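Undergrad: Protein chains in written order, with my numbering: chain A, 1 to 443; chain B, 1 to 443.
No lab work stands behind these hints, which were simulated from the structure alone. Bear in mind the structure is a predicted one, so any value in this text is a computation, not a measurement. Some hints here could point you the wrong way.
If several chains are the same, the list does not tell them apart, and a pair holds so long as it fits within one copy or across any two.
Pairs of lysine-lysine, DSS-like flavour, derived with a Cα cap of 25 Å [to be verified]:
#, residue 1, residue 2
1, K127, K63
2, K327, K365
3, K63, K237
4, K327, K366
5, K403, K365
There are 2 protein chains.
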Amino acid sequence: MRIVVIGGGAAGIGAAGAARQTARDAEVVVFTEYEDVGYSPCGIPYVHSGEIDEFEDLFLQDKQFYRDQGIDVRYETVVTRIDLDRREVRLHSGDAVGFDRLVIATGFEYETPDVPGNHLHGLHYPKNIRRSAEFDKVLDEAKVAVVTDATPLGVEMAGALAKRGLETHLVDPHPWLLSQVADPDIMQPAEASLEELGVTLHLRTTVEAFVGEERVHAVRTSDGELPTDVVVLCPPKRANNRLAREAGLQIGSTGGLVVDARMATSSPGVFAAGEAIEVPQDGTGIPVQGLTGSHAYSQGKVAGTNAAGGGGAYEPVNVPWGLVVGKWSVGGAGFGEKLATALRIPHVMGVGEGISRARYYPGFKKVRVKLLADPRTHAVIGGQLVGGEGIKERADFLAMAVKKRITVEDLAWMENVYAPPIGALVEPLAIGAQGLLAELETA
Amino acid sequence: MRIVVIGGGAAGIGAAGAARQTARDAEVVVFTEYEDVGYSPCGIPYVHSGEIDEFEDLFLQDKQFYRDQGIDVRYETVVTRIDLDRREVRLHSGDAVGFDRLVIATGFEYETPDVPGNHLHGLHYPKNIRRSAEFDKVLDEAKVAVVTDATPLGVEMAGALAKRGLETHLVDPHPWLLSQVADPDIMQPAEASLEELGVTLHLRTTVEAFVGEERVHAVRTSDGELPTDVVVLCPPKRANNRLAREAGLQIGSTGGLVVDARMATSSPGVFAAGEAIEVPQDGTGIPVQGLTGSHAYSQGKVAGTNAAGGGGAYEPVNVPWGLVVGKWSVGGAGFGEKLATALRIPHVMGVGEGISRARYYPGFKKVRVKLLADPRTHAVIGGQLVGGEGIKERADFLAMAVKKRITVEDLAWMENVYAPPIGALVEPLAIGAQGLLAELETA
Numbered sequence: 001m002r003i004v005v006i007g008g009g010a011a012g013i014g015a016a017g018a019a020r021q022t023a024r025d026a027e028v029v030v031f032t033e034y035e036d037v038g039y040s041p042c043g044i045p046y047v048h049s050g051e052i053d054e055f056e057d058l059f060l061q062d063k064q065f066y067r068d069q070g071i072d073v074r075y076e077t078v079v080t081r082i083d084l085d086r087r088e089v090r091l092h093s094g095d096a097v098g099f100d101r102l103v104i105a106t107g108f109e110y111e112t113p114d115v116p117g118n119h120l121h122g123l124h125y126p127k128n129i130r131r132s133a134e135f136d137k138v139l140d141e142a143k144v145a146v147v148t149d150a151t152p153l154g155v156e157m158a159g160a161l162a163k164r165g166l167e168t169h170l171v172d173p174h175p176w177l178l179s180q181v182a183d184p185d186i187m188q189p190a191e192a193s194l195e196e197l198g199v200t201l202h203l204r205t206t207v208e209a210f211v212g213e214e215r216v217h218a219v220r221t222s223d224g225e226l227p228t229d230v231v232v233l234c235p236p237k238r239a240n241n242r243l244a245r246e247a248g249l250q251i252g253s254t255g256g257l258v259v260d261a262r263m264a265t266s267s268p269g270v271f272a273a274g275e276a277i278e279v280p281q282d283g284t285g286i287p288v289q290g291l292t293g294s295h296a297y298s299q300g301k302v303a304g305t306n307a308a309g310g311g312g313a314y315e316p317v318n319v320p321w322g323l324v325v326g327k328w329s330v331g332g333a334g335f336g337e338k339l340a341t342a343l344r345i346p347h348v349m350g351v352g353e354g355i356s357r358a359r360y361y362p363g364f365k366k367v368r369v370k371l372l373a374d375p376r377t378h379a380v381i382g383g384q385l386v387g388g389e390g391i392k393e394r395a396d397f398l399a400m401a402v403k404k405r406i407t408v409e410d411l412a413w414m415e416n417v418y419a420p421p422i423g424a425l426v427e428p429l430a431i432g433a434q435g436l437l438a439e440l441e442t443a
Numbered sequence: 001m002r003i004v005v006i007g008g009g010a011a012g013i014g015a016a017g018a019a020r021q022t023a024r025d026a027e028v029v030v031f032t033e034y035e036d037v038g039y040s041p042c043g044i045p046y047v048h049s050g051e052i053d054e055f056e057d058l059f060l061q062d063k064q065f066y067r068d069q070g071i072d073v074r075y076e077t078v079v080t081r082i083d084l085d086r087r088e089v090r091l092h093s094g095d096a097v098g099f100d101r102l103v104i105a106t107g108f109e110y111e112t113p114d115v116p117g118n119h120l121h122g123l124h125y126p127k128n129i130r131r132s133a134e135f136d137k138v139l140d141e142a143k144v145a146v147v148t149d150a151t152p153l154g155v156e157m158a159g160a161l162a163k164r165g166l167e168t169h170l171v172d173p174h175p176w177l178l179s180q181v182a183d184p185d186i187m188q189p190a191e192a193s194l195e196e197l198g199v200t201l202h203l204r205t206t207v208e209a210f211v212g213e214e215r216v217h218a219v220r221t222s223d224g225e226l227p228t229d230v231v232v233l234c235p236p237k238r239a240n241n242r243l244a245r246e247a248g249l250q251i252g253s254t255g256g257l258v259v260d261a262r263m264a265t266s267s268p269g270v271f272a273a274g275e276a277i278e279v280p281q282d283g284t285g286i287p288v289q290g291l292t293g294s295h296a297y298s299q300g301k302v303a304g305t306n307a308a309g310g311g312g313a314y315e316p317v318n319v320p321w322g323l324v325v326g327k328w329s330v331g332g333a334g335f336g337e338k339l340a341t342a343l344r345i346p347h348v349m350g351v352g353e354g355i356s357r358a359r360y361y362p363g364f365k366k367v368r369v370k371l372l373a374d375p376r377t378h379a380v381i382g383g384q385l386v387g388g389e390g391i392k393e394r395a396d397f398l399a400m401a402v403k404k405r406i407t408v409e410d411l412a413w414m415e416n417v418y419a420p421p422i423g424a425l426v427e428p429l430a431i432g433a434q435g436l437l438a439e440l441e442t443a
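If we strip away everything but chain A, and leave its shape as in the complex, we get (with noise of 0.2 Å):
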């Protein structure tokens, strides 16, 4: 049996990874059309500020391992067909593979800006190692950066380079930062935080060209022209599935391939993981697209098990979310009040703000708590965070608490450690809940 998986991202690679071990006689392919596998790119952005060394260091496995692994990765290699009746895949050397199983993992590509200039030299889209390490060359001699979109990676963009000693502007169309996925009040206080760091924040601000002969020397937003070195583009990301448009799979409405919880395409034989699929929101079942490397990660030991005759389910998503934005971290889980309101969800909303260690214990921190609950079942179906310690393993505990349907009074009255340096006396989620249970009997 020959499993072919297109993508060597976390998606690709978690599902080479599991048909492997599934399928031990299998013969496990995998095509990129990169020099690398293995890697993490959403360590970038902390490359470029400094606080990780080199790029070299964000490789967890080195070629050697996936040959030893007995997975025969085929590098720069691209895929320009799915052949759905023949079952083989053709290369553009004009190749053809066979497969017996296929796990389509394209991952994303960035919308383009559609504006003049979208192709100046000095325009860089953070995505491939070995560009981002010739960008960071680049950035050697740049004194100003501007960077597009407030997207989760636009803004850990924006704080590294800022941390560099760049002046660093960004430039976002939204009133608040990561306006797709948090709410403004969570984001104000990361707002205040980032523009301390040296960024100046363009909101309400859109790009209207990027201005320059060969190279980019300056970016015209609706707020005026902003000299530059250097643009950084982190645009809202799409799913990357024209081969399996042009094999005939079904694609959803947010453009990501349509799949069963096997992973299982509408193709029999065919799986797909990562960011060229969508997934069902948990309790909504609404189709979401565009998650994190932990998901594409999870989704492809999925895809992997299933194409290697394996059983495995994913479940709907609740999508747990967090980043450090200067000197705090912001994080959620299921619905924010603003998506909520957008999708007329029925929700009740309620705050709290607690500490993250005793109050008289040096080093402790605010954390503000905002969850939302079914007005008739008080079941908590989202909430989301700003702090300094602990916002992931809270985002992480939201997510559960919203996909086991636990309710407000369930986390109004929670046990909690209590120890002076790393717990306060009541969980500051809680108090998030203790807010929000006021606000249900008024209600």
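Given chain A, put chain B in place with the hints provided.
TA: Coordinates of chain B only, in the frame set by chain A:
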């Protein structure tokens, strides 16, 4: 209506505050034998260590605060008797004070070790803030300290005295630290770290006598004599309920007062909370006693609310716990392996090791996770952790997981935040659960 509270600790103050909020017209009187209320005894070790500047910092509220709240705190006032027939408490002065509702929050007392010399000068039981402040001056003159009993407080005190620069010895009869709470494998790295900090561990060692004329100058143990300047005793605690016992209230098997979910004792109108009571463990219903300040405070709020005519229930406990030992944090919730084995609770156990941030991000710390599950239902029944950050939040999560009968499969495939500075690709709890799943499959 007059609501009388005996005890000014976390439970008593929680009860008084909740009673005040619930019955605005009630008279709320708190009797305490001490000079103060409204401080955190849990912070005492961290003042001795120098991490917190002064004992004053541990006060959450000053005396005026309680006056302003309409809570009548009678300081240095010893209650000598509860007369249930006459609905009054008798004071040391001979006065009697009537009550309509009573809340007993008399806390704990230490089991004084029954060995010669147990009342010498230089023996200190950490409890009251003023005695601790006096003891802190004694420490200024001391070079060597012996701490007895590797209870959570004993471990915290030993670490604190070593940090302060004293030659510190910790003596405990059991083979590992925190043996009443934690498993030995979880404590192993923490023990090594405590030793690095300068604490000499004397495990499997019993105290046979405190040696000295008026003042202690050595501790005689089963393993030889330890010369010392001071001794800090942190023996197991027991419920302090002489008053309740003499009044004829029902006492449980742990020595704690028996209460129902409303925190009502066996006598109408009489409530109790905190370390003086016992509460059922979730799942098994086994009575447990001697929990944390956070538990005491929550129980106090339920007791005070119900005493004042409101409604509220306290749910069975899973007891998340955690503390810092040297450079590690340890914690857990529900059943550990030792306790489950001792109580013959059917269980399967699995372990896993994850990391707190991306593997390439500076400062990441290992998180070792040990989980127990019911072999039939796969519900998680408890777990323990040792690591560097996020231990308290994960212990809280685990307590909720046990409470809500979350399964190993739920945890093994949980979603998690992946952001290099705050979270790794796979959550350590999930890695632990995957380890446990593998055990369940072969069990």
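Undergrad: Treating 25 Å as the Cα threshold, decide for K327 and K366: within, between, both or neither.
TA: both (12 Å within a copy, 23 Å between copies)
Undergrad: At 25 Å max between alpha carbons, let me know whether K403 reaches K365 within a copy, between copies, both or neither.
TA: neither (28 Å within a copy, 28 Å between copies)
Undergrad: Go through the copies and call it for K327 and K365: within, between, both or neither, with a Cα cutoff of 25 Å.
TA: both (10 Å within a copy, 20 Å between copies)
Undergrad: Since the copies are identical, ignore which copy is meant and state whether K63 and K237 lie within 25 Å (CA to CA) inside a copy, between copies, both or neither.
TA: So K63 and K237 fail the 25 Å test inside a copy (28 Å) and across (58 Å) alike.
Undergrad: Measure nothing new, just compare the shortest in-copy and cross-copy C-alpha distances for K127 and K63 to 25 Å and report within, between, both or neither.
TA: within (20 Å within a copy, 60 Å between copies)
Hints 3 and 5 from the earlier list are contradicted by this structure; the remaining hints agree with it.
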